[in-house]
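For the working numbering, add 3 to where a residue sits in the sequence shown, where the first one is 1.
Hints are not guaranteed to be accurate.
[Said to hold, decoys possible] Quick list of the computed label-pair ranges, beta carbon to beta carbon:
{"hint": "1", "residue 1": "M62", "residue 2": "D16", "range": "14 to 20 Å"}
{"hint": "2", "residue 1": "N39", "residue 2": "R105", "range": "31 to 37 Å"}
{"hint": "3", "residue 1": "K23", "residue 2": "G59", "range": "27 to 33 Å"}
{"hint": "4", "residue 1": "P31", "residue 2": "S107", "range": "28 to 34 Å"}
Derived by calculation from the structure, the hints in this document are not laboratory data.
Quick caveat: nothing in here was measured; it's all calculated off a predicted structure.
Just so it is clear, CB atoms sit at the ideal spot from N, CA and C, and this is done for glycine as well.
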Amino acid sequence: MRHYAKPVVIADDLEALQGKTSGTVTLPHHLQWSGNPVYDLDQPGELMELYRVVIGEAMSPADLHAYLDREMLVTLWSAMWLPRDRREAWEARFPELAAQHRASAA
Numbered sequence: 004m005r006h007y008a009k010p011v012v013i014a015d016d017l018e019a020l021q022g023k024t025s026g027t028v029t030l031p032h033h034l035q036w037s038g039n040p041v042y043d044l045d046q047p048g049e050l051m052e053l054y055r056v057v058i059g060e061a062m063s064p065a066d067l068h069a070y071l072d073r074e075m076l077v078t079l080w081s082a083m084w085l086p087r088d089r090r091e092a093w094e095a096r097f098p099e100l101a102a103q104h105r106a107s108a109a
């Protein structure tokens, strides 16, 4: 039996991440295929969950650019649970995320 891993999608550039940081966001079905697709970004737990879902389910960098914000991503990065393959790929591409993660572990 083969296990097919979902491809890891990474932003083209952290500066391209210009999603909302407050209010509500409704994710499209290809990102939120079960459960409630509406996130209240003014609730810290929902904000972090939206970032986790988008990073895990993005089909293209455009998904990331539309729903994530650079400053918020950097702030949440070290506290957010992500699958190892996604965390490692993002940190390899963006050293500032790796530095943030190392700093929080120290």
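Going through the hints against the structure:
1. M62 - D16: 14 to 20 Å: Hint holds: Cβ distance 18 Å, inside 14 to 20 Å.
2. N39 - R105: 31 to 37 Å: 34 Å, holds
3. K23 - G59: 27 to 33 Å: 19 Å, violated
4. P31 - S107: 28 to 34 Å: Given range 28 to 34 Å: holds, Cβ gap about 31 Å.
Checked against the numbered hints above, the structure breaks only hint 3 and satisfies the rest.
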